[in-house]
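Here's the letter readout for the chains.
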Amino acid sequence: MNEYAVTVIGHDRPGIIADVAETLAGLGLNLTDSTMTRLRGHFAMTLVCAGSVSAGDVESALAPLTAGRTLLVTVREVGEDLVEPPRGEHYVLTVHGADRLGIVAALSRTVAAAGGNITDLTTRLAGNLYVVVAEVDAPGAMSDLATAIDRVAGELGVEATLRPAEADLM
Amino acid sequence: MTVLQVVQAPAAVLGTAGKTVDPLAADVVQLATDLVDTMRVSPGCVGLAAPQVGVGAQVFVVDVTGHPKARTVHGTLVLCNARVVEASQWQKGREGCMSVPDLTGDVKRASRLVVAGQLPGTGEEIEITTDAFEARALQHEIDHCSGLLFLDRVAGAHAVYARKVYL
Chain H
1 MNEYAVTVIG HDRPGIIADV AETLAGLGLN LTDSTMTRLR GHFAMTLVCA GSVSAGDVES
61 ALAPLTAGRT LLVTVREVGE DLVEPPRGEH YVLTVHGADR LGIVAALSRT VAAAGGNITD
121 LTTRLAGNLY VVVAEVDAPG AMSDLATAID RVAGELGVEA TLRPAEADLM
Chain X
1 MTVLQVVQAP AAVLGTAGKT VDPLAADVVQ LATDLVDTMR VSPGCVGLAA PQVGVGAQVF
61 VVDVTGHPKA RTVHGTLVLC NARVVEASQW QKGREGCMSV PDLTGDVKRA SRLVVAGQLP
121 GTGEEIEITT DAFEARALQH EIDHCSGLLF LDRVAGAHAV YARKVYL
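Protein sequences, first through last, are from chains H and X. Just so you know, we're using the working numbering here: the first sequence kicks off at 1 and counts up by one. Just so you know, we're using the working numbering here: the second sequence kicks off at 1 and counts up by one.
Note that these hints are calculated values from the structure, not bench results. Incorrect hints may have been included.
[As the list claims (entries may be wrong)] Chain X residues, not near chain H, derived (Cβ > 10 Å throughout):
1. Gly54
2. Thr76
3. Gly123
4. Asp131
[Said to hold, decoys possible] Heads up, incomplete: computed chain X residues facing chain H, CB under 7 Å, no partners named:
5. Ala9
6. Pro10
7. Val154
8. Val160
[Stated by the list, open to error] Label pairs and their computed distance ranges (CB to CB):
9. Gly15(H) - Val41(X): 37 to 45 Å
10. Asp12(H) - Gln89(X): 33 to 41 Å
11. Pro86(H) - Arg71(X): 34 to 42 Å
12. Ala67(H) - Val41(X): 51 to 59 Å
13. Thr2(X) - Pro85(H): 55 to 63 Å
C-beta: ideal position from N, C-alpha, C; glycine also.
Please build the complete structure, drawing on both the sequences and the hints.
Next up, the structure:
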């Protein structure tokens with residue numbers, strides 16, 4: 001069984017997901033994890049799929065999608081052993097403020113320096129308002145990470161909030 | 001009638017905790033009146049807090065009358081120095097904000113709520129017990145008075161959305 005990471009990025013139109021999913025299903029590839037969104041109007045999809053065909057077969061089958069030159073498709077074989085157990089506690093980091101260069105760079109470096117791992121990230125630019133929401137697995141005391149983030153947020157002139165992620169089981 | 005200009009993020013006042021106020025002070029009573037006027041002329045607006053009109057003070061108004069998600073409705077609520085006394089039955093719901101006009105987000109709020117505060121003009125201390133959408137609106141406005149936006153409480157990386165604009 002081979003596992004492939006596929007990315008599809010480009011001009012949005014109805015039917016891209018259907019085209020990709022049908023093609024992969026036609027090759028006997030099973031979609032495992034996938035995410036799709038629009039980033040400032042651009043279609044952006046990343047997925048992992050598993051099956052017994054070769055990487056070349058996957059690329060050839062998806063090639064017609066790029067014929068109109070509005071979509072970029074990549075296929076990479078990936079290992080099956082990439083799932084790491086979460087480290088430490090799970091937090092949600094929210095940052096908002098006036099848009100400027102380097103907000104994500106500075107804050108993600110701060111998280112990394114504390115041994116934290118960002119497991120999900122969304123950024124939005126709305127007018128001059130820049131919003132970052134990151135889900136973070138971090139070891140150690142929450143207060144240490146919060147203090148470091150507050151200091152960097154102060155230097156950037158943005159508001160930052162670190163909260164434990166809610167994980168209610170019902 | 002005075003309609004105040006609503007400030008939008010990123011504005012420093014929206015990230016700063018409001019000061020406690022004297023509910024008997026003339027400027028506080030006037031601010032409360034102007035907040036009600038501004039809320040009334042703003043389509044879809046069910047609440048407005050002083051920081052949203054550029055005033056760093058713990059004053060807000062809420063009115064969810066007629067809203068389909070409301071259960072208990074107290075009509076127009078105007079409170080100074082309000083605080084949450086009891087909160088339970090947390091539920092996730094989508095929120096927007098006049099100060100963050102282009103985004104919405106999923107926020108967990110208590111759907112059973114007791115809030116205490118003072119009435120402008122008399123200073124009378126009151127307690128409000130409410131639920132559902134009115135509870136959500138009160139928590140959203142109390143957050144404004146503490147310098148917090150709904151963005152500070154969104155549930156996760158996939159809980160912020162571009163507001164749909166239907167032309």
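Hint check: is the beta carbon of Val160(X) less than 7 Å from a beta carbon of chain H?
With a closest approach of 5 Å, the Val160(X) hint holds.
Against chain H, does Gly54(X) keep a CB gap of more than 10 Å to every residue?
holds, 16 Å
Status of the given 55 to 63 Å range, CB of Pro85(H) versus CB of Thr2(X)
Check passed, 58 Å falls within 55 to 63 Å.
Classify the label on Thr76(X) as holds or violated, using whether its beta-carbon is more than 10 Å from each beta-carbon of chain H.
holds, 30 Å
Assessment of proposed distance window 37 to 45 Å (beta carbons of Gly15(H), Val41(X)):
holds, 44 Å
Does 34 to 42 Å hold as the CB distance between Pro86(H) and Arg71(X), or does it fail?
Holds - the Cβ-Cβ distance for Pro86(H) and Arg71(X), about 38 Å, lies within 34 to 42 Å.
Quick one: work out the minimum CB distance from Asp131(X) to chain H and report holds if it exceeds 10 Å, violated otherwise.
At roughly 19 Å from the nearest Cβ of chain H, Asp131(X) sits farther out than 10 Å, so the non-interface label holds.
Is it the case that Gly123(X) keeps its Cβ farther than 10 Å from each residue Cβ in chain H?
holds, 32 Å
Range hint compliance [Cβ, Ala67(H) to Val41(X), 51 to 59 Å]
Since the Cβ atoms of Ala67(H) and Val41(X) sit about 53 Å apart, the hinted range of 51 to 59 Å holds.
Close enough to count: is the Cβ of Pro10(X) nearer than 7 Å to one in chain H?
holds, 4 Å
Hey, does the Val154(X) contact hint survive, CB to chain H under 7 Å?
This interface hint holds because 6 Å falls under the 7 Å limit.
Supplied contact hint for Ala9(X), tested at 7 Å Cβ to chain H
holds, 5 Å
Hint check: no violations occur; every hint is consistent with the structure.
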